[in-house]
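Undergrad: Residue 356, in the numbering used here, is where the first sequence stops; the numbers in between run on with no holes.
Quick caveat, the hints were computed from the structure, so don't treat them as lab data.
Heads up, some of the hints might be wrong.
[What the hints assert, rightly or not] Pair by pair, the computed Cβ-Cβ distance ranges are:
| hint | residue 1 | residue 2 | range |
| --- | --- | --- | --- |
| 1 | Glu-188 | Phe-283 | 34 to 40 Å |
| 2 | Thr-43 | Thr-294 | 37 to 43 Å |
| 3 | Lys-76 | Asp-174 | 35 to 41 Å |
| 4 | Thr-271 | Ala-220 | 23 to 29 Å |
| 5 | Asp-328 | Thr-295 | 17 to 23 Å |
| 6 | Val-303 | His-224 | 23 to 29 Å |
| 7 | Asp-45 | Gly-97 | 20 to 26 Å |
| 8 | Glu-188 | Arg-341 | 42 to 48 Å |
| 9 | His-224 | Gly-272 | 46 to 52 Å |
| 10 | Thr-271 | Gly-297 | 34 to 40 Å |
| 11 | Ala-62 | Glu-194 | 30 to 36 Å |
| 12 | Glu-194 | Gly-120 | 45 to 51 Å |
| 13 | Gly-267 | Tyr-296 | 33 to 39 Å |
Don't be surprised by glycine CBs; every beta carbon is placed ideally from N, CA and C.
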Amino acid sequence: MPTPKPSKSAQQKPAQAEGAAALTADLVTWFRKEGKDYPWRRTHDPYAVLVSEIMLQQTQIATVLDRGFYARWMEKFPNFQTLAAASESEVLGAWQGLGYYRRARNLHKLAQVIVSDHGGLFPRDPEVIRSLPGIGPYTAGAISSFAFGLAEPIVDGNIARVLSRLDNDATPVDSTPGIKRLWDRAKELVQATEDPRALNSALMELGQTICKPAKPVCDACPVHHHCLADEPETLPVKGARPEITEVTERVFFLRTGQGILLEQETGSRRTGLWKLPALPEEFSVKPPSVLLKTTYGITRYKVTLWVHEVPGKPTQTWPESHRLIPLDELSALPMPSPYRRALERLLASSGEFRLE
DNA sequence: AATGCGGGGTT
DNA sequence: AACCCAGCATT
Numbered sequence: 001m002p003t004p005k006p007s008k009s010a011q012q013k014p015a016q017a018e019g020a021a022a023l024t025a026d027l028v029t030w031f032r033k034e035g036k037d038y039p040w041r042r043t044h045d046p047y048a049v050l051v052s053e054i055m056l057q058q059t060q061i062a063t064v065l066d067r068g069f070y071a072r073w074m075e076k077f078p079n080f081q082t083l084a085a086a087s088e089s090e091v092l093g094a095w096q097g098l099g100y101y102r103r104a105r106n107l108h109k110l111a112q113v114i115v116s117d118h119g120g121l122f123p124r125d126p127e128v129i130r131s132l133p134g135i136g137p138y139t140a141g142a143i144s145s146f147a148f149g150l151a152e153p154i155v156d157g158n159i160a161r162v163l164s165r166l167d168n169d170a171t172p173v174d175s176t177p178g179i180k181r182l183w184d185r186a187k188e189l190v191q192a193t194e195d196p197r198a199l200n201s202a203l204m205e206l207g208q209t210i211c212k213p214a215k216p217v218c219d220a221c222p223v224h225h226h227c228l229a230d231e232p233e234t235l236p237v238k239g240a241r242p243e244i245t246e247v248t249e250r251v252f253f254l255r256t257g258q259g260i261l262l263e264q265e266t267g268s269r270r271t272g273l274w275k276l277p278a279l280p281e282e283f284s285v286k287p288p289s290v291l292l293k294t295t296y297g298i299t300r301y302k303v304t305l306w307v308h309e310v311p312g313k314p315t316q317t318w319p320e321s322h323r324l325i326p327l328d329e330l331s332a333l334p335m336p337s338p339y340r341r342a343l344e345r346l347l348a349s350s351g352e353f354r355l356e
């Protein structure tokens with residue numbers, strides 16, 4: 001009956017299914033011993049879990065914790081009711097510096113939906129959770145498992161890496177079939193454990209601390225003996241990155257005795273955020289003199305930001321979207337970091353003013 | 001399937 | 001400079 005042990009990559013799927021119980025047991029044991037202590041792991045309050053998950057979307061734990069975003073938010077808006085009752089500017093102000101401000105607006109909206117449509121109680125049904133604003137497959141699974149202990153799968157960047165290595169699976173993790181396989185596998189695992197909460201946390205934390213993108217510490221891995229990866233560092237496979245496009249952006253700087261002129265975005269993106277006002281199109285052929293030139297990256301763009309002197313006559317009236325902001329109100333205003341940095345440099349070089 | 005959304009950290 | 005990070009929504 002015994003046959004020669006096949007090479008790792010040739011092993012078949014059934015072995016994985018049978019190993020799910022053993023694999024998850026080892027992960028949970030490891031996590032109970034080594035798992036880190038985060039504020040959102042000390043509670044099962046859906047609101048507290050939700051806030052952490054939204055803040056952590058595409059944002060590293062250290063950013064959320066070390067700069068005090070989570071603690072300040074929970075102090076200012078301790079529950080759905082207080083958040084729902086807050087104004088949008090209060091909400092955006094509390095999010096200032098975290099980026100992806102759409103998350104804050106969705107969270108605000110979500111709180112209002114909970115109060116108005118769910119009697120102030122967060123729903124327990126994963127499908128209902130998934131339908132709330134700003135909540136996708138990952139966050140729905142995270143809240144279902146972390147807050148309610150339900151056996152719902154999650155796949156984030158960490159887990160995609162861990163699972164593709166465990167199964168030695170080179171299907172691109174950002175392709176439709178790759179995504180499906182990851183979620184199927186994550187579901188299989190979470191249904192094989194009696195502690196979905198610990199299992200989901202363990203998978204993420206394994207990816208964060210052991211099964212790292214580069215130089216994974218396989219010697220320290222609690223599930224090394226379950227892992228089929230031949231060359232862990234070559235996984236996961238991802239599709240090509242979009243090409244970087246260079247973009248020019250021109251704004252201007254006006255300071256009066258009443259403050260700095262800023263423009264509030266009103267379009268479909270960056271709505272509600274403040275920025276240095278755009279240089280009107282008619283001035284872009286022969287722009288006023290340059291006060292500052294800087295570059296920043298945003299998604300697939302490399303933006304060269306030029307800050308110019310005031311175009312035209314400074315006595316003109318400005319559109320509804322523009323406002324003179326007193327200096328002492330600047331720091332609480334939600335403003336994308338590139339503009340904030342530029343503004344700080346402009347004010348510093350003027351010598352007499354400082355932000356904060 | 002692609003793209004926009006921001007920012008910061010690591011290598 | 002490239003890559004990564006507790007993703008989601010829109011098109």
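Undergrad: I'd like to know which numbered hints this structure contradicts. Please list them from smallest to largest.
TA: 1, 4, 5, 6, 10, 12 and 13
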